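If you want the building blocks of each chain, they are given just below.
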Amino acid sequence: MRYKSLLMAGAVAAVMAVSGAPLAQTLNVVSAGDQNMVDYVNNYLAPKFEAMNPGVKVRAVGTGPGDSGSQKIYEKLQAQQKAGSAAWDTDVAVVHQRGAATMVKENLLLAYRNDIASGKLVSRDSAKNALGANVDGFVLPMFHSQIAFAYNPDLVKVPPKSFAELTEWVKKNPKQFGYNGVKGGMSGVGFVMGWVGANAGLGDKLEKGPYDPAQKAAIDKSLASLKDFNQFVVMTPGNAGTLDMLNRGEIAMGPVWVDMFYTWQADGKLNPKVKLALPSPGLPGQPMYYVVPAKAANAALAKKFIDFAASPEVQAQGIVKQFNWYPGIDPQYVQAKLTPAEWNKLFVDISPSDLAKYGRPFPLSDYFTDIVEGYERVVLK
Amino acid sequence: MIGAFFVLPLLMSAVLAFRAKDGGFTFAHFEKAWELYRTDLLFTVGITVLSTVLIGLVAIAIAGYLTLGENPRAVAILRWLYRWPLFIPFIVTGQVMRAFLAKNGMLNHVLIGSGLIDPLAAQSLLDWRGIVIAFVWKQAPFVTLLLAGAMASLEPAQLEAARNLGATRLRLLGGIVLPQVRGTLMVGMVLSFVTMLSVLSVPLMINPNSPTMITVDIAYRINTHSDYAVANALCLMSLLIAAGAAWIYLRHASARHASA
Numbered sequence: 001m002r003y004k005s006l007l008m009a010g011a012v013a014a015v016m017a018v019s020g021a022p023l024a025q026t027l028n029v030v031s032a033g034d035q036n037m038v039d040y041v042n043n044y045l046a047p048k049f050e051a052m053n054p055g056v057k058v059r060a061v062g063t064g065p066g067d068s069g070s071q072k073i074y075e076k077l078q079a080q081q082k083a084g085s086a087a088w089d090t091d092v093a094v095v096h097q098r099g100a101a102t103m104v105k106e107n108l109l110l111a112y113r114n115d116i117a118s119g120k121l122v123s124r125d126s127a128k129n130a131l132g133a134n135v136d137g138f139v140l141p142m143f144h145s146q147i148a149f150a151y152n153p154d155l156v157k158v159p160p161k162s163f164a165e166l167t168e169w170v171k172k173n174p175k176q177f178g179y180n181g182v183k184g185g186m187s188g189v190g191f192v193m194g195w196v197g198a199n200a201g202l203g204d205k206l207e208k209g210p211y212d213p214a215q216k217a218a219i220d221k222s223l224a225s226l227k228d229f230n231q232f233v234v235m236t237p238g239n240a241g242t243l244d245m246l247n248r249g250e251i252a253m254g255p256v257w258v259d260m261f262y263t264w265q266a267d268g269k270l271n272p273k274v275k276l277a278l279p280s281p282g283l284p285g286q287p288m289y290y291v292v293p294a295k296a297a298n299a300a301l302a303k304k305f306i307d308f309a310a311s312p313e314v315q316a317q318g319i320v321k322q323f324n325w326y327p328g329i330d331p332q333y334v335q336a337k338l339t340p341a342e343w344n345k346l347f348v349d350i351s352p353s354d355l356a357k358y359g360r361p362f363p364l365s366d367y368f369t370d371i372v373e374g375y376e377r378v379v380l381k
Numbered sequence: 001m002i003g004a005f006f007v008l009p010l011l012m013s014a015v016l017a018f019r020a021k022d023g024g025f026t027f028a029h030f031e032k033a034w035e036l037y038r039t040d041l042l043f044t045v046g047i048t049v050l051s052t053v054l055i056g057l058v059a060i061a062i063a064g065y066l067t068l069g070e071n072p073r074a075v076a077i078l079r080w081l082y083r084w085p086l087f088i089p090f091i092v093t094g095q096v097m098r099a100f101l102a103k104n105g106m107l108n109h110v111l112i113g114s115g116l117i118d119p120l121a122a123q124s125l126l127d128w129r130g131i132v133i134a135f136v137w138k139q140a141p142f143v144t145l146l147l148a149g150a151m152a153s154l155e156p157a158q159l160e161a162a163r164n165l166g167a168t169r170l171r172l173l174g175g176i177v178l179p180q181v182r183g184t185l186m187v188g189m190v191l192s193f194v195t196m197l198s199v200l201s202v203p204l205m206i207n208p209n210s211p212t213m214i215t216v217d218i219a220y221r222i223n224t225h226s227d228y229a230v231a232n233a234l235c236l237m238s239l240l241i242a243a244g245a246a247w248i249y250l251r252h253a254s255a256r257h258a259s260a
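Order-wise, the sequence lines are chains A and B.
Quick note on my numbering: the first sequence kicks off at 1 and runs consecutively.
Quick note on my numbering: the second sequence kicks off at 1 and runs consecutively.
If you're looking for bench data, these hints aren't it; they were derived computationally from the structure.
All of these numbers come straight from a predicted model, not from anything done at the bench.
You may find that some hints are simply not true.
Keeping only pairs whose Cα atoms sit at most 20 Å apart, straight-line, the calculated EDC-like set for lysine to aspartate or glutamate is [said to hold, decoys possible]:
#1 A:321 <-> A:39
#2 B:32 <-> A:220
#3 A:221 <-> A:366
#4 A:105 <-> B:227
#5 A:275 <-> A:250
#6 A:357 <-> A:204
#7 A:72 <-> A:50
#8 B:32 <-> A:366
#9 B:32 <-> A:373
#10 A:227 <-> B:118
#11 A:175 <-> B:118
#12 A:381 <-> A:220
#13 A:273 <-> A:250
#14 A:76 <-> B:227
#15 A:381 <-> B:118
#16 A:172 <-> A:154
#17 A:381 <-> B:127
#18 A:221 <-> B:35
#19 B:103 <-> A:244
#20 A:381 <-> B:31
#21 A:227 <-> B:227
#22 A:345 <-> A:228
Derived CB-CB ranges, DEER-like [to be verified]:
#23 B:127 <-> A:128: 41 to 47 Å
#24 B:109 <-> A:75: 58 to 64 Å
#25 B:10 <-> A:89: 29 to 35 Å
Positions of the beta carbon are idealized from the N, C-alpha and C atoms, including for glycine.
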């Protein structure tokens, strides 16, 4: 009798296991960056992923824009690592390059890229190298963003093609150029990086290395000229602040994020006449990375989610079409999924060749710190 | 409770400010804070002192009118109106001022519309002046409230007597009312000074320029560089400034006690 009931229990258990009774699973996604990043997961990715995987709930929270948002994620993972927790409560994180580099160095992340199909669709350097740190296998770019000058063609007949031309232009048109310094947001930081790149005479050593602390002098010298430049410009309160002031006509030109620019225009928050331009030698852009914490509670589900999010269809419809970012995976896979009109929308003002020539990565972490601290020391005094 | 929520964090902050990377004692963080943010510290002191003085003047004017005003309707309206900013948080004040003081903000619209200035002469007040305006607008009602209360508790007989003898209201204010409510005014001003020293939202939203208030630098050090050491050093310097204000007040209060 007992043997029979045991057999029955075993049979029921086997049937349940085979049928895969859906357990309620929550996938916790934590994203640095502006609110649009969180909205992207909650309003676009989550419903699709949940439909594909019944019983799964995707929950996204944001930690704020800029490197400080990634900083918060790093601190959380580090705390859980130090406390020796067996399972960490973040399954997928979206972080900036600096944050990712630090996390890889401290063994906070899982190497997952080679385990998923979409991982093979990336060959750009930015998928392996984050500001000089080797992050190969640990990250997958979600998108590539780019900073460019937005300008009002009614007020700026011929946009400056280089930083030298910009300097001449602001002298003739004082207080018509605005940027947000280094404390207001990354578009301003990117502008300063571009300035140093153009004026410090270090060429692409800033991005490729090796790091040489003796170059601080050259960096400081280029920042001294930026201090002079600042007399002719307006400081704006942030990334959105620059777009805002452009829209109201308080400035005629300023550095902006290309995706924010297009999104604002689509929402009707920005004058449709405003255009973009990339000066030589270039302005930086950055990817944001999908990462999986080393001890994520739902690591398998996390990999599935990222595989889905990085697939060509989602990259085409979500990243490019809806949110106006340049794709994270290689462009040819994404271009195939969009109509020519949709694809070209991204390249109306900045052609792919311009982007390839003048879209640069941010400098190496150590140079980045030198430049930002140098700005405070030299320009803000 | 003061021990747990104030003294303990203060001690921890001090320890972090003086601790070097290797665990030893160092002034390096203070040196760095001074080197990078010296101008901002002076700016912070300047702005808060200026705002405090203006708050005092505005509070005296409003409270004085409420006490000595002779038009009951005007007094009633003023009494109702002046308290509104009390209930508005600093961050909302920041946002309100951003819309009000911008180059094409409400202030300029009114000035241009009423013909007082040319459209081309419109200025954006979103710099140090915006911070002062926001602070005065927000804190003056608080000091006015304290002051009006103190003035109302004065003996009306002395005011009437002075009026009968021919004193103007201004003379009344300066010679009889203010000397007696000086203590309350000092309390209000010192409290306002210390409060304004700690505000992050207003300078962050209104003043993108440099120099800016020290709170912005503290937030920047923590958020962008994760540099708690320099941030704590800046906080301790800020505490020193606030302590300075408190010391001035206490010296003044004890001097009065001694002479009373």
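Consistency of the hints with the structure:
1. For the hint pairing residue 321 of chain A with residue 39 of chain A, the CA-to-CA distance comes to about 15 Å; that is within 20 Å, so the pair holds.
2. For the suggested pair residue 32 of chain B and residue 220 of chain A, the alpha carbons sit about 17 Å apart, so the restraint of at most 20 Å is met.
3. In summary, the hint linking residue 221 of chain A to residue 366 of chain A is supported, as the alpha carbons are separated by about 17 Å, within the 20 Å threshold.
4. Restraint check for residue 105 of chain A and residue 227 of chain B: the C-alpha separation of about 19 Å stays at or below 20 Å, so the hint holds.
5. In summary, the hint linking residue 275 of chain A to residue 250 of chain A is supported, as the alpha carbons are separated by about 16 Å, within the 20 Å threshold.
6. Proximity of residue 357 of chain A to residue 204 of chain A is assessed by CA-CA distance (about 12 Å); at most 20 Å being required, the pair is judged to hold.
7. Only pairs whose Cα atoms come within 20 Å are accepted, and residue 72 of chain A paired with residue 50 of chain A is rejected, the gap being roughly 27 Å.
8. For a cut-off of 20 Å, the pair hint linking residue 32 of chain B to residue 366 of chain A stands: about 18 Å separates their Cα positions.
9. For the proposed pair residue 32 of chain B and residue 373 of chain A, the alpha carbon gap of about 11 Å is at most 20 Å, so the pair holds.
10. Annotation: proposed proximity of residue 227 of chain A to residue 118 of chain B is violated, straight-line Cα distance about 31 Å (limit 20 Å).
11. Restraint check for residue 175 of chain A and residue 118 of chain B: the C-alpha separation of about 18 Å stays at or below 20 Å, so the hint holds.
12. Under the criterion of a C-alpha separation no larger than 20 Å, the hint pairing residue 381 of chain A with residue 220 of chain A is consistent with the structure, at around 13 Å.
13. Between residue 273 of chain A and residue 250 of chain A, the direct Cα distance comes to roughly 15 Å. Compliance with the 20 Å bound is thereby established for this hinted pair.
14. With a C-alpha separation of about 16 Å, the suggested pairing of residue 76 of chain A with residue 227 of chain B holds against the 20 Å cut-off.
15. Between residue 381 of chain A and residue 118 of chain B the CA atoms are separated by roughly 34 Å; this puts the pair beyond 20 Å, and the hint is violated.
16. Under the criterion of a C-alpha separation no larger than 20 Å, the hint pairing residue 172 of chain A with residue 154 of chain A is consistent with the structure, at around 16 Å.
17. Our distance criterion of 20 Å between C-alpha atoms is met by residue 381 of chain A and residue 127 of chain B, whose separation comes to about 17 Å.
18. Among the hinted pairs, residue 221 of chain A with residue 35 of chain B is consistent with the structure: their alpha-carbon atoms are about 18 Å apart, no more than 20 Å.
19. A threshold of 20 Å between alpha carbons decides the hint, and for residue 103 of chain B with residue 244 of chain A the separation of about 12 Å falls inside it, so the pair holds.
20. Only pairs whose Cα atoms come within 20 Å are accepted, and residue 381 of chain A paired with residue 31 of chain B is accepted, the gap being roughly 15 Å.
21. Distance restraint check for residue 227 of chain A and residue 227 of chain B: the Cα-Cα separation of roughly 25 Å exceeds the 20 Å cut-off, and the hinted pair is therefore not satisfied.
22. For the hint pairing residue 345 of chain A with residue 228 of chain A, the CA-to-CA distance comes to about 37 Å; that exceeds 20 Å, so the pair is violated.
23. One distance hint, 41 to 47 Å for the beta-carbon pair residue 127 of chain B and residue 128 of chain A, holds here, with the actual separation near 45 Å.
24. As the Cβ distance of residue 109 of chain B to residue 75 of chain A is approximately 45 Å, the hint placing it in 58 to 64 Å is violated.
25. For the hinted restraint 29 to 35 Å between residue 10 of chain B and residue 89 of chain A, the CB-CB distance of approximately 32 Å keeps it satisfied.
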